[in-house]
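Number of protein chains: 4
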Amino acid sequence: MSAPKKVVLAYSGGLDTSIILKWLQTEYGCEVVTFTADLGQGEELEPAREKAVMLGIRPENIYIEDLREEFVRDFVFPMFRANALYEGQYLLGTSIARPLISKRLVEIAQETGADAVAHGATGKGNDQVRFELAAYALNPDIKVIAPWREWDLTSRTRLIDFAEKNQIPIAKDKRGEAPFSVDANLLHTSSEGKVLEDPAEAAPDYVYQRTTAPEDAPDAAEFIEIGFERGDAVSIDGETLSPASILTRLNELGGKHGIGRLDFVENRFVGMKSRGIYETPGGTVLLEAHRGMEQITLDSGAGHLKDSLMPRYAELIYNGFWFSPEREMLQAAIDHSQQHVTGTVRLKLYKGAATCVGRRSDHSLYSEAHVTFEEDAGAYDQKDAAGFIQLNALRLKLLAARERRLKR
Amino acid sequence: MSAPKKVVLAYSGGLDTSIILKWLQTEYGCEVVTFTADLGQGEELEPAREKAVMLGIRPENIYIEDLREEFVRDFVFPMFRANALYEGQYLLGTSIARPLISKRLVEIAQETGADAVAHGATGKGNDQVRFELAAYALNPDIKVIAPWREWDLTSRTRLIDFAEKNQIPIAKDKRGEAPFSVDANLLHTSSEGKVLEDPAEAAPDYVYQRTTAPEDAPDAAEFIEIGFERGDAVSIDGETLSPASILTRLNELGGKHGIGRLDFVENRFVGMKSRGIYETPGGTVLLEAHRGMEQITLDSGAGHLKDSLMPRYAELIYNGFWFSPEREMLQAAIDHSQQHVTGTVRLKLYKGAATCVGRRSDHSLYSEAHVTFEEDAGAYDQKDAAGFIQLNALRLKLLAARERRLKR
Amino acid sequence: MSAPKKVVLAYSGGLDTSIILKWLQTEYGCEVVTFTADLGQGEELEPAREKAVMLGIRPENIYIEDLREEFVRDFVFPMFRANALYEGQYLLGTSIARPLISKRLVEIAQETGADAVAHGATGKGNDQVRFELAAYALNPDIKVIAPWREWDLTSRTRLIDFAEKNQIPIAKDKRGEAPFSVDANLLHTSSEGKVLEDPAEAAPDYVYQRTTAPEDAPDAAEFIEIGFERGDAVSIDGETLSPASILTRLNELGGKHGIGRLDFVENRFVGMKSRGIYETPGGTVLLEAHRGMEQITLDSGAGHLKDSLMPRYAELIYNGFWFSPEREMLQAAIDHSQQHVTGTVRLKLYKGAATCVGRRSDHSLYSEAHVTFEEDAGAYDQKDAAGFIQLNALRLKLLAARERRLKR
Amino acid sequence: MSAPKKVVLAYSGGLDTSIILKWLQTEYGCEVVTFTADLGQGEELEPAREKAVMLGIRPENIYIEDLREEFVRDFVFPMFRANALYEGQYLLGTSIARPLISKRLVEIAQETGADAVAHGATGKGNDQVRFELAAYALNPDIKVIAPWREWDLTSRTRLIDFAEKNQIPIAKDKRGEAPFSVDANLLHTSSEGKVLEDPAEAAPDYVYQRTTAPEDAPDAAEFIEIGFERGDAVSIDGETLSPASILTRLNELGGKHGIGRLDFVENRFVGMKSRGIYETPGGTVLLEAHRGMEQITLDSGAGHLKDSLMPRYAELIYNGFWFSPEREMLQAAIDHSQQHVTGTVRLKLYKGAATCVGRRSDHSLYSEAHVTFEEDAGAYDQKDAAGFIQLNALRLKLLAARERRLKR
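So the protein sequences, as listed, match chains A, B, C and D. Mapping to this note's numbering: the first sequence position 349 is 349, numbers consecutive. Mapping to this note's numbering: the second sequence position 73 is 1073, numbers consecutive. Mapping to this note's numbering: the third sequence position 372 is 2372, numbers consecutive. Mapping to this note's numbering: the fourth sequence position 320 is 3320, numbers consecutive.
Hints are all accurate, no fakes.
Straight-line distance between alpha carbons at most 27 Å, and here's what the computed DSSO-like set of lysine-lysine pairs gives: (1) 3397(D) - 2143(C); (2) 143(A) - 5(A); (3) 2103(C) - 3397(D); (4) 2348(C) - 3194(D).
Covered by chain B, per the in silico footprint, the following chain C stretches (three or more residues, Cβ under 8 Å): (5) 2361 to 2373; (6) 2387 to 2398.
The following label-pair restraints were derived from C-beta to C-beta distances: (7) 2058(C) - 1179(B): 56 to 66 Å; (8) 1053(B) - 2407(C): 58 to 68 Å; (9) 406(A) - 1181(B): 41 to 51 Å; (10) 1405(B) - 204(A): 46 to 56 Å; (11) 3005(D) - 1374(B): 26 to 36 Å; (12) 2(A) - 3043(D): 43 to 53 Å; (13) 1204(B) - 408(A): 48 to 58 Å; (14) 2407(C) - 1179(B): 56 to 66 Å; (15) 111(A) - 3005(D): 54 to 64 Å; (16) 408(A) - 2027(C): 42 to 52 Å; (17) 383(A) - 1181(B): 16 to 26 Å; (18) 3404(D) - 1181(B): 23 to 33 Å.
Just so you know, these hints were derived from the structure itself, not from any lab. Please read these numbers as outputs of a predicted model, since none were measured by experiment. Glycine included, every Cβ here is placed at the ideal spot set by N, Cα and C.
Go ahead and model the full structure; you've got the sequences and the hints to work with.
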């Protein structure tokens, strides 16, 4: 790879990406464009601008954007249409944010004439893969710089040294090593590393940042109604809201009731197991709601197909293949199934759990006429079941007859 | 079908199966053998014997058996190795009990020279399918009688009339219609019908029979440890227990903490949607524990394959194909994956939720050496990730290059 | 089911459907509308009109339509985008024609105010299922009459008697029983039954009706080029042709060279195995061509996903679920993959085989620069493979290390 | 990676691996053990011994082994139980040989105290991945040396120079570049590269080495019978033969009749497409035979599950994951399905095609009683089909009713 001339850096304004910024300038002597996005991580963005200026970035090279609506509308919601869970339990909060960041990095590179992008993900994790696969899928000629895989700043001491030598301000609490590593966006907060590295040890309480402990959550349940249209949440308690507003509100509600905590050991795409603590309050509520909505509006053939495709769909997102033909193929199938996933779901929120307790829809396929224990006025002829069973049994009978025949 | 001469009836001792018993005697004039099994439904079995005697069944034709250990060991546990959930949420508590009952019906028919078996499932539900597919798979020549699909006792009044005419004792609370229908065994209690038929209406509190309401559960969390060997639970808090004893104990613990309630609308195999309330306290705890155990002991390749096979496996059990070559094939694959699912999981039980908070195992694949944020002493070379990403990206780059080429 | 008043009958003009026509008139006393479609079965349609008139059908109740273009464009081609093969070998020639016939039956019922449709498929086969599932999926209130499941004309003698009593003309060669049963359309001809019922016995030569025996095919190979656009064949040897014209031409070519014969034992949806002889000359050529086209234009991620979905897609069509949400979901995924399946394939036709010998496309993903054994000018860095392998191997190493550890 | 001390080299005796041998000695100064296996590639092995001696390998460090029986019995046959085809067409002839070679390399390393293994696969292909994943799966601490990824002998000229400088004898025809690259074993011969690199150009005749051109094959068909036991071929025309003998004989028969040629563009695991010419005469015959055997002995539920698992199974083998938990899980499922795949298949071999024309088995599930067009003596009640269809149609009717309701 020839040396880059101009690099767009995914810049948080924090110590680590500030070090990367400076390192790019000194190591490659290249012009740096910073990109700071609000994906709902809950931090002010303006300090990032000030810091970028202070580190010598020209104003026109500082990009700060609020991507929350795009994030929820074009990434989170499509994923939730699939009821996606990685390895049965993880709601993919980190995974789903990466492709959007890469998309903007590549677009800004195009706009600013940059030939490279850079990110602050380490060489052990999944995020490097997600950032880079997305970038390459959108621009096959882009260069991607991953300083953590390249540089020799491999200990906290060296990083601090580099920062001091380069006049990068260091917040007091950043001198020492953080007790764990955090990633956050509108969908979730994840924590991993250090104090969490022994999967036999319970996570300390202070790790949880976004959800009340169930023990401290209100003693009374709260009931809410979520409205859906074509598979996406569109309202809460009758109030129509934008995608990001819905997720924000569900985060407040879920967080208050201690919903969405997950202590999880997962398999990284790069081959090792890692342990993370995930907090996905709004997403956990949303999944329960979406499932409840599908229960009455989704056909069983469609639903079972969706269920069988989901693990692969989730794996693709986890592994960083959002921008791939096969993810898009699966999305096309999933989206097709959502045309009638429209209606309202009633949920109970209480001490760590969101529970669907009612669903109603003009698109419902639930037929009380068919299922009733009462007289059904001819909706269903029970004698049909005899033929249904006989033909389903036919091959089993032939198998059993073979067993008998061969035993004789 | 020629008329049966001797029928083995799945007999609970209750009003409905007593009516069936008498109806078989009068309608077909055939000898009846009763089979009453303890699958953990929580009812005394001896009254069934007395009632059978009273209805004229000869003592040698009365079979009463405790199948709890066989049920958990050979049916429930193999199913839990798969983390089986039907339609993403249902633990299959009713489905998994049916094949065992059919197996014994067919075996008793063989022992007693009966040419038919009979069950009390209606023509609208899944259970008729499960009973009959299992029976035919085990004996292709067996006759199956499903009175609910045949007779004209299609209202409560007619049933009561028939009972009175035939001197079948009727408990006072059975004269009117039950407000909902119940099935129970060691794994779960299900309730459906009548007051539950509107999926928009929350289930009344009195429907729940086996689990404390989360609101009434203890205010303090309880922690337990479950030991696993090759995918099956073998101990609780260090005490080795039999399969049925483990599930019994987990039911107590889960029930006490309000764990395992599910309000669910599902797709029946016979084509309609139905709404059920399921209580699976021990099973819900067990699923969380098994998943926690797999997190550190199961390889990702094996785990992802299992995840992708699970929906089909669950559907097979739900639809009644336990005794089918394809269920056995999937079981062979799943069982192969469980060789190292051995160790101990620590769980928190609190107000409706069982949460894994720790796992340890001599068979662990979790490698702190690889995952650590600290120096890893060469366990993992971060530079390898660059090549890994490049080759994974290659096809995506070629796709992106095509897009560009064609746009020009 | 209340008695039908007006029935649309799928009418071939042959003896059997003429008997059905008369039986409907006499048994149900209902008005009959005949529908005769040209799906490329190679028979004149006008005799069907004359015969219908002769059997008392009013002219406005006689529908005769050429559906060949719709058949290929909207049914055959979408299916071939999937490379669909049932049980690994069968090109689904009968299965794919049924939903179109049902669609027109239901539409004509709507146009003519008929409340029922009728078909001539027997109660043992798949076609009854396909006809009826499609009909119900398009009109939930339609009645479907399947005379073969209802009447008592269960032997050839009775049928002939009924025909004679009702002045239905009987061609001489129809008095006796046919040595086997045939179904034909533009995609294939199938033969089954009677002389073919022993799967150990080779099919007699006279069964084959549409393809030259390979032994009698030309001794010189013939080469053709098929052009594709977005997954569908659009031209042969540079000449743009309509869908039906392409399939017709490929049938001539394939038939001449003895291509597309299949001697097959399959599993029917209704539970038994049956043996059929299929001749699908054009379809066999088309499948080979489409695969060749995909080889250079389809991404591996998309292709592998397609491959994994195909068996289920084929099963759905075979079982009669063309008009189902899950078939449409799969179609949406498959169609999405075909955007770039555009280009030209060169095929060799010789003595029973169609073989792709060349493919070219502006949409090709094949990169000689990457794959070459020669210098590749930096297109591919072989050292990347080391990292790729290391990370793919990581979990396998951890597994092997566990084995060692536990053995010690 | 620290320098290896003793290396086991997969040694063919040819120029390239002789250069590698010398390079290992000079570059790493390590002791070399050579391993030459007969997998049916059709070359004498003793010259490899002489050459190894000549290059200074000590006699006790020269391993020459006939692995043909193990290859077919433990690798080829298990794979054929799955009817494995990569990307719908490729019989995996190269892929399946690699894990066995790696297995022996690792075992010999263990026996000789070597700490490394080496192979002659390039950095662009799949074989490096297959060799190395297998090696690491069997010994997590083994070092693997892949000289083609490391050295600077990147042109033919440099290789020849190195050979001359190191007194490695060079056959005259090896001085120039081969017009294409060949791999062969008992299952297949593959050719790729150079003259084959343009996928639009037909492969020249001289590329085919193992199969007669169909045009030159006998003008009369030949019929053979293959006997199976539990999914594996055990006899030809009644003569019981060992696995390798069977494949050898089928290769002769298939080759003579021009069977098993494939001109193919495939997707490599490392990300690019490549074009190969494969000749798999015996394997192609075997696949057709195995499918024919399964047609009458395999249950549809088992068969459809197998079909759906096959693409993933084939991909695992292609990608080098033979020794992985998920391949073993799939194998367990597949093997379970083969218990009754026992009987005899009759095949026609003619001008490029093997065609099943008859199958018979004591384990047959084909029931003429059920399928017959004649009177079936009550084996099957056609009326059952009505109920079967009604219940399969129920959800489709509910869907159609929804459409209507919403349109109003």
